[in-house]
Amino acid sequence: MSLLNSSHTPQLVTTDGEIIPDGWTLLADEETTGVDGPYVLGFDRALKELDGLNGHYGIRVNPGDDVRLLLPFIEKITLIEVSFPGYRDGRGYSTARILREEGYTGAIRAVGDVLRDQLFLMLRCGFSEFLVKDKDPVQAIAAAKSRFSVFYQGAADTNRPVWALRHTVES
Amino acid sequence: MYVYDSFDHAFVRDRNAEFADQVARRLSGELSEDQFKPLRLMNGLYLQLHAYMLRIAVPYGVLSSKQVRKLAHIARTYDRDFGHFTTRQNLQFNWIKLADTPKILEELAEVEMHALQTSGNCIRNTTTDQFAGAARDEHEDPRPWAELIRQWSSNHPEFTFLPRKFKIAITGADRDRAAVRVHDIGLHAKPEGFDLYVGGGLGRTPSLGHRIKTGLKGEQLLSYLEACLRVYNRYGRRDNSYKARIKILVAALGPDEYARQVEEEWESLDKAAIDAPAAEIVRIRSFFPDPDFKDAKFDRVAYERAQTADKAFARWVKNNTLAHKRDDHVSVTISLKPVGLPPGDASSAQMDVMADVAEQYAYSELRVSHEQNVILPHVPKADLYALYTRLDAANLSTANGGKITDMIACPGLDYCSLANARSIPLAQDISQRFADANLTDKIGDLQIKISGCINACGHHHVGHIGILGVDKQGIEFYQILLGGRADENAALGVITGKGLPAEAVPAAIERVVQLYLQLRTSDSERFIDAVERLGRNTFAEALHEPA
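So the sequence lines, in the order shown, correspond to chains A and B. Using UniProt numbering, read the first sequence as starting at 1 and increasing by one per residue. Using UniProt numbering, read the second sequence as starting at 1 and increasing by one per residue.
These are computed hints drawn from the structure, not numbers from a lab. Be a bit skeptical, because a hint or two may be false.
Using 25 angstroms as the maximum straight-line C-alpha spacing, the simulated PhoX-like pairs for lysine-lysine come out as follows [claimed, not checked]:
no., chain 1, residue 1, chain 2, residue 2
1, B, K167, B, K190
2, B, K381, B, K311
3, B, K37, A, K145
4, B, K190, B, K217
5, B, K37, A, K135
6, B, K297, B, K318
Input sequences plus hints: build the corresponding full structure.
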């Protein structure tokens with residue numbers, strides 16, 4: 001939420017704090033899928049065409065899109081880009097959680113207005129990559145991971161909710 | 001009451017450290033006010049007309065003597081020696097310096113308090129019956145459930161950027177003192193499980209909640225709430241903040257369709273990963289036992305003699321105490337509505353007195369009511385006169401519980417940057433007009449609720465008489481509503497005719513009240529009953545009669 005940082009060129013960083021190159025190309029809806037992918041398709045186009053396509057694709061999911069509609073094609077999808085047109089729009093958090101609940105194991109990438117103060121929430125909701133606007137994305141990820149030691153609810157990450165820690169079953 | 005364990009302490013510590021860092025960035029100029037705004041709001045810090053306002057969370061309105069002493073200390077040290085109790089059962093400090101906030105939060109953490117999620121588009125403080133655990137008509141103590149919800153909703157990763165704020169209320173008694181039908185979600189605990197209401201609210205589009213679920217088991221409460229919130233988070237409107245509350249979504253879909261989507265979502269959730277196990281519910285419940293009730297000998301003769309000898313005490317007992325589940329105890333309302341003073345305010349000295357008397361006579365337990373009073377839920381009748389004497393000496397013995405001068409009023413234009421009109425001075429004028437104790441008692445139960453703008457923080461839609469401040473070309477006017485109520489027969493008041501200037505309002509209300517006194521069938525027909533029997537129009541005419 002720190003807008004100062006938003007002036008920085010976005011960099012792609014993983015949950016592990018690695019800066020990675022973006023090998024994907026976002027296709028406009030009128031562009032044909034050639035052989036030199038990998039491509040990111042728009043959501044509506046993906047619904048229409050994925051059935052007839054072979055290979056693996058990335059899909060761009062906007063806040064109003066119902067990500068469950070992609071589930072029939074999920075084995076053809078290795079990247080979901082969840083867009084945040086503004087950081088106040090929290091629909092993308094539900095999108096990521098639904099994907100993880102449905103067993104999707106590919107990459108979930110946060111793109112758009114992605115700022116350091118949101119990363120901790122995104123990590124919990126199952127995002128794995130962040131196109132983040134920050135002067136130091138590696139430090140931003142490290143800070144997001146160490147900020148809290150206590151989590152009150154189960155989510156898509158491996159942190160156990162407090163109630164599970166309070167009532168650990170001895171095995 | 002609930003006691004933090006090491007996890008709860010660590011959570012607040014982590015959150016305060018984060019906020020201290022954000023304040024430091026703001027003070028150094030690294031963050032502008034615009035950039036800082038969403039961060040401070042998540043910590044209950046508002047920039048009001050004249051200063052920063054810090055809203056302290058009082059989870060479900062429950063406080064200990066130790067905590068109230070800390071609040072008094074904060075008022076004395078960092079504010080202008082008073083605090084303001086709110087309709088969300090919270091406490092606000094109106095004159096805070098930004099640089100002091102990390103220190104204040106640190107002091108609050110020492111007594112297991114914080115200011116988290118008292119603002120922002122997240123799940124807010126869950127409110128409940130101020131007489132929980134004490135009232136005779138209660139069948140389920142709502143406090144453990146409110147605590148369970150508090151923990152689940154703290155820093156919820158999916159629901160921190162909702163379309164708009166989200167308020168949950170819960171009751172476990174026959175009489176609904178928590179106004180569950182005017183909340184985003186209202187829960188009514190019944191022997192067979194929870195009734196769940198959704199889409200109630202006040203503000204610009206007032207509406208009563210729809211019951212979409214009955215018999216919901218407590219063990220599945222969190223997963224069901226998660227499903228309710230997820231449907232709202234995904235489909236609630238975000239294009240217009242005035243249409244973003246869940247009531248608008250529920251109205252657009254229809255309650256049945258919303259309920260169907262929730263059920264579908266609930267079925268898809270991994271409930272076991274969300275719902276706390278039975279052992280956790282047992283653990284939380286264990287913090288809310290009955291106090292160690294004193295079996296002090298209750299001398300009924302002496303009690304009645306004191307009331308005969310001291311009429312003011314007798315009146316206070318009649319108006320400000322409620323039957324307790326034990327015959328030898330009562331629940332006491334400490335009115336923060338003395339005639340002519342701002343509703344809900346208490347000085348630091350008064351807070352100290354309330355903390356002291358609670359410790360001495362009421363098992364160290366206090367509550368904040370959404371009517372902006374302080375409640376002592378368990379007081380032995382044997383100690384009542386001694387308690388009254390102490391309160392009286394601190395100007396805390398106003399005997400107007402539930403009466404016409406026990407008004408709710410928002411801070412209004414004196415403090416709030418959203419307000420169109422003043423609320424507090426009007427409340428003061430009305431209470432002056434009805435200062436006569438005999439008149440107040442004759443009128444009986446009558447709730448006046450005042451909001452300084454259509455955001456309705458003063459709950460004007462559910463006042464028996466509601467007053468809404470509006471701005472017409474730079475002049476404050478007040479619209480009067482009649483017939484609202486927030487109890488188990490909840491109804492929304494209706495606006496009656498044209499707005500009135502501030503100086504005409506007290507006389508208009510007096511005319512309505514005089515008409516009621518003429519028309520009522522007996523002393524036991526309350527104002528709201530008479531309005532429902534005779535219709536609002538009967539009374540609306542009196543409001544607008546030329547003075």
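Hint check:
Taken as a hint, the K167/B and K190/B pair is honoured in the structure, with Cα atoms around 20 angstroms apart against an allowance of 25 angstroms. With a C-alpha separation of about 17 angstroms, the suggested pairing of K381/B with K311/B holds against the 25 angstroms cut-off. For the proposed pair K37/B and K145/A, the alpha carbon gap of about 23 angstroms is at most 25 angstroms, so the pair holds. The suggested pairing of K190/B with K217/B holds, with an alpha-carbon distance near 10 angstroms, which does not exceed 25 angstroms.
This hinted pair checks out: K37/B and K135/A have alpha carbons roughly 21 angstroms apart, not beyond 25 angstroms. Between K297/B and K318/B, the direct Cα distance comes to roughly 22 angstroms. Compliance with the 25 angstroms bound is thereby established for this hinted pair.
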